[in-house]
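These protein sequence lines map, in sequence, to chains G and D.
Once you know that position 137 of the first sequence is 137 in my numbering, the rest is easy, because the numbers rise by one and skip nothing.
Once you know that position 123 of the second sequence is 123 in my numbering, the rest is easy, because the numbers rise by one and skip nothing.
Check before you lean on any hint, since a few could be wrong.
Within a straight-line C-alpha distance of at most 30 Å, the following computed BS3-like cross-link-like pairs (lysine-lysine) qualify [unchecked claim]:
1) G:Lys-54 <-> G:Lys-29
2) D:Lys-134 <-> D:Lys-58
3) D:Lys-2 <-> G:Lys-54
4) D:Lys-63 <-> G:Lys-48
5) D:Lys-63 <-> G:Lys-124
6) G:Lys-48 <-> D:Lys-134
7) D:Lys-132 <-> D:Lys-58
8) D:Lys-58 <-> D:Lys-74
9) G:Lys-124 <-> D:Lys-58
10) D:Lys-5 <-> D:Lys-74
11) D:Lys-63 <-> D:Lys-5
12) G:Lys-48 <-> D:Lys-74
13) G:Lys-54 <-> D:Lys-5
14) D:Lys-63 <-> D:Lys-74
15) D:Lys-63 <-> D:Lys-134
16) G:Lys-29 <-> D:Lys-5
17) D:Lys-132 <-> D:Lys-63
18) D:Lys-2 <-> G:Lys-107
19) G:Lys-48 <-> D:Lys-58
20) G:Lys-29 <-> G:Lys-48
21) G:Lys-107 <-> G:Lys-124
22) G:Lys-48 <-> D:Lys-132
23) D:Lys-74 <-> G:Lys-54
24) G:Lys-29 <-> D:Lys-2
25) D:Lys-63 <-> G:Lys-107
26) D:Lys-2 <-> D:Lys-74
27) D:Lys-74 <-> D:Lys-134
Hints in this document: simulated from the structure, not taken from any laboratory.
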Amino acid sequence: MELILNPWPWYISGPLIALIMALLLYFGKTFGMSSNLRTMCAIGGAGKYSNFFKMNWRDYSWNLIVVFGAIIGGFIAVQFLSNGSGTNLNPTTISELETLGFLNAGKTLVPNELFNLDAMLSLKGLSLLIIGGLLVGFGTRYAGGCTSGHAITGLSSLQRPSLIAVIGFFIGGLVMANLLFPIIF
Amino acid sequence: MKFLKFLLVGIVFGIVLVKSEAVSWYRIYEMFRFQSFHMYGIIGTAIASGIIFLQLSKRGYIKSLNGAEIYVEKKERGFTRYIVGGTIFGLGWAMIGACPGPMYILLGTGVYSMLIVIAAAIVGTFIYGILKEKLPH
Numbered sequence: 001m002e003l004i005l006n007p008w009p010w011y012i013s014g015p016l017i018a019l020i021m022a023l024l025l026y027f028g029k030t031f032g033m034s035s036n037l038r039t040m041c042a043i044g045g046a047g048k049y050s051n052f053f054k055m056n057w058r059d060y061s062w063n064l065i066v067v068f069g070a071i072i073g074g075f076i077a078v079q080f081l082s083n084g085s086g087t088n089l090n091p092t093t094i095s096e097l098e099t100l101g102f103l104n105a106g107k108t109l110v111p112n113e114l115f116n117l118d119a120m121l122s123l124k125g126l127s128l129l130i131i132g133g134l135l136v137g138f139g140t141r142y143a144g145g146c147t148s149g150h151a152i153t154g155l156s157s158l159q160r161p162s163l164i165a166v167i168g169f170f171i172g173g174l175v176m177a178n179l180l181f182p183i184i185f
Numbered sequence: 001m002k003f004l005k006f007l008l009v010g011i012v013f014g015i016v017l018v019k020s021e022a023v024s025w026y027r028i029y030e031m032f033r034f035q036s037f038h039m040y041g042i043i044g045t046a047i048a049s050g051i052i053f054l055q056l057s058k059r060g061y062i063k064s065l066n067g068a069e070i071y072v073e074k075k076e077r078g079f080t081r082y083i084v085g086g087t088i089f090g091l092g093w094a095m096i097g098a099c100p101g102p103m104y105i106l107l108g109t110g111v112y113s114m115l116i117v118i119a120a121a122i123v124g125t126f127i128y129g130i131l132k133e134k135l136p137h
C-alpha cells in the first residue's frame with residue numbers, strides 16, 4: 001500500500017502513460033488532450049466565426065469523457081491514493097525558487113503564489129494565468145498537438161513533425177524558465 | 001455503456017499523472033532548468049514503451065478492439081507551424097506548469113484557478129481558429 005501512496009517512480013509512470021495511449025488506440029481513437037479545446041470551441045458555436053470549428057463535435061465527445069475521467073482521476077489520486085509526502089525536488093531548485101519568491105516548493109502540486117485565491121484576485125496573478133492559458137491554447141493548435149499528441153504519440157510513431165514540435169516545446173519552455181522567470185518574478 | 005471505457009481511461013490517466021508528479025508545476029520548472037532527471041525519465045520511458053507497442057502493432061501482433069489495424073494518423077508535413085506553435089506552447093507550458101491534460105487533472109485535485117487557465121486556453125484555441133488562414137504553416 002505504501003508503494004501506491006508514495007509518488008510513483010518515473011520508470012513505472014512512463015510505461016503507464018504509454019499504456020493510456022495504447023488503450024485509446026486499441027479503442028480506435030487517439031491520445032491527444034488538446035483536441036478538447038477545439039471541441040469546446042465548436043460546442044460554444046465558434047463554427048459561426050471560423051470553418052476550423054465547423055465539425056460534428058459529437059464525433060469527439062468520447063474525448064470529453066476522457067477529460068471528465070481525468071478530473072475524477074485527479075480527485076481520487078489526491079483524496080485516496082496519496083500520503084501527502086510532497087515532491088522530492090532538487091535542493092537547488094528549492095533554493096532557486098525561494099529567491100524568485102516561491103516558498104515551500106514541492107509541498108503542494110502547484111505554487112500558492114501563482115494559483116491560490118489571492119493570486120487569482122491580483123492583477124499580476126490573474127494576468128499570468130490568462131496569458132499562460134492563451135499561450136498553451138493558441139500554441140497547441142498552431143503546432144497541431146500538445147505533449148500527449150506530439151511528445152508521446154507523435155514521437156512513439158517516429159514522426160518528424162512531432163520532433164520539430166517537441167523541439168519547439170523545449171525552446172519555449174527553456175526561454176520561459178531560464179530567461180523570463182527572473183524578469184516576471 | 002460505450003462511454004464507460006473512456007471514462008475509465010480518463011480516470012487512470014488522471015491518477016497516473018498525479019502519482020507520477022507530472023502534474024506538478026515544480027517538476028516542469030525543474031525539467032526546464034535541467035535540475036532533475038524525473039520528467040525526462042517519464043517522457044523517455046513513455047516514448048520507448050510507445051515505440052515498442054506501435055512496432056508490435058505495425059507487425060500485426062496487436063489489433064484494435066474491432067479487429068482493425070492500429071494506426072496513428074500522419075501529421076501534415078511542415079516546419080513553421082511546428083517550431084513556432086511549439087515554442088508558443090512551450091512558453092505557456094513552463095509558465096503555468098501544465099499542458100492541456102494536467103490542466104483538467106489539477107482542477108480535479110482542487111486547484112480551482114485552473115478554470116481560468118482552461119478558459120483562457122479555449123480562447124487561445126479560438127484565436128488560432130480565427131487567424132488560421134493568415135498564419136504561416
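Outcome of the hint check:
1. G:Lys-54 <-> G:Lys-29: holds (20 Å)
2. D:Lys-134 <-> D:Lys-58: violated (38 Å)
3. D:Lys-2 <-> G:Lys-54: This hinted pair holds, its Cα atoms lying about 25 Å apart.
4. D:Lys-63 <-> G:Lys-48: Between Lys-63 (chain D) and Lys-48 (chain G) the Cα gap is close to 39 Å, so the pair fails against 30 Å, i.e. violated.
5. D:Lys-63 <-> G:Lys-124: Cα-Cα ~51 Å, so violated.
6. G:Lys-48 <-> D:Lys-134: holds (18 Å)
7. D:Lys-132 <-> D:Lys-58: violated (34 Å)
8. D:Lys-58 <-> D:Lys-74: holds (14 Å)
9. G:Lys-124 <-> D:Lys-58: violated (50 Å)
10. D:Lys-5 <-> D:Lys-74: Since the Cα atoms of Lys-5 (chain D) and Lys-74 (chain D) sit roughly 25 Å apart, the hinted pair holds (cutoff 30 Å).
11. D:Lys-63 <-> D:Lys-5: With a Cα-Cα distance of about 17 Å, the restraint between Lys-63 (chain D) and Lys-5 (chain D) holds, given a limit of 30 Å.
12. G:Lys-48 <-> D:Lys-74: Between Lys-48 (chain G) and Lys-74 (chain D) the Cα gap is close to 29 Å, so the pair holds against 30 Å.
13. G:Lys-54 <-> D:Lys-5: Distance of about 27 Å is within 30 Å: holds.
14. D:Lys-63 <-> D:Lys-74: holds (19 Å)
15. D:Lys-63 <-> D:Lys-134: violated (41 Å)
16. G:Lys-29 <-> D:Lys-5: holds (12 Å)
17. D:Lys-132 <-> D:Lys-63: Since the Cα atoms of Lys-132 (chain D) and Lys-63 (chain D) sit roughly 36 Å apart, the hinted pair is violated (cutoff 30 Å).
18. D:Lys-2 <-> G:Lys-107: violated (39 Å)
19. G:Lys-48 <-> D:Lys-58: Roughly 40 Å between the alpha carbons, so the hint for Lys-48 (chain G) and Lys-58 (chain D) is violated.
20. G:Lys-29 <-> G:Lys-48: holds (27 Å)
21. G:Lys-107 <-> G:Lys-124: At roughly 23 Å apart (the allowed maximum being 30 Å), Lys-124 (chain G) and Lys-107 (chain G) satisfy the hint.
22. G:Lys-48 <-> D:Lys-132: holds (15 Å)
23. D:Lys-74 <-> G:Lys-54: holds (22 Å)
24. G:Lys-29 <-> D:Lys-2: Within the cut-off at roughly 13 Å; holds.
25. D:Lys-63 <-> G:Lys-107: violated (43 Å)
26. D:Lys-2 <-> D:Lys-74: Cα-Cα ~27 Å, so holds.
27. D:Lys-74 <-> D:Lys-134: Cα-Cα ~24 Å, so holds.
Hint violations for this structure: numbers 2, 4, 5, 7, 9, 15, 17, 18, 19, 25, all remaining hints satisfied.
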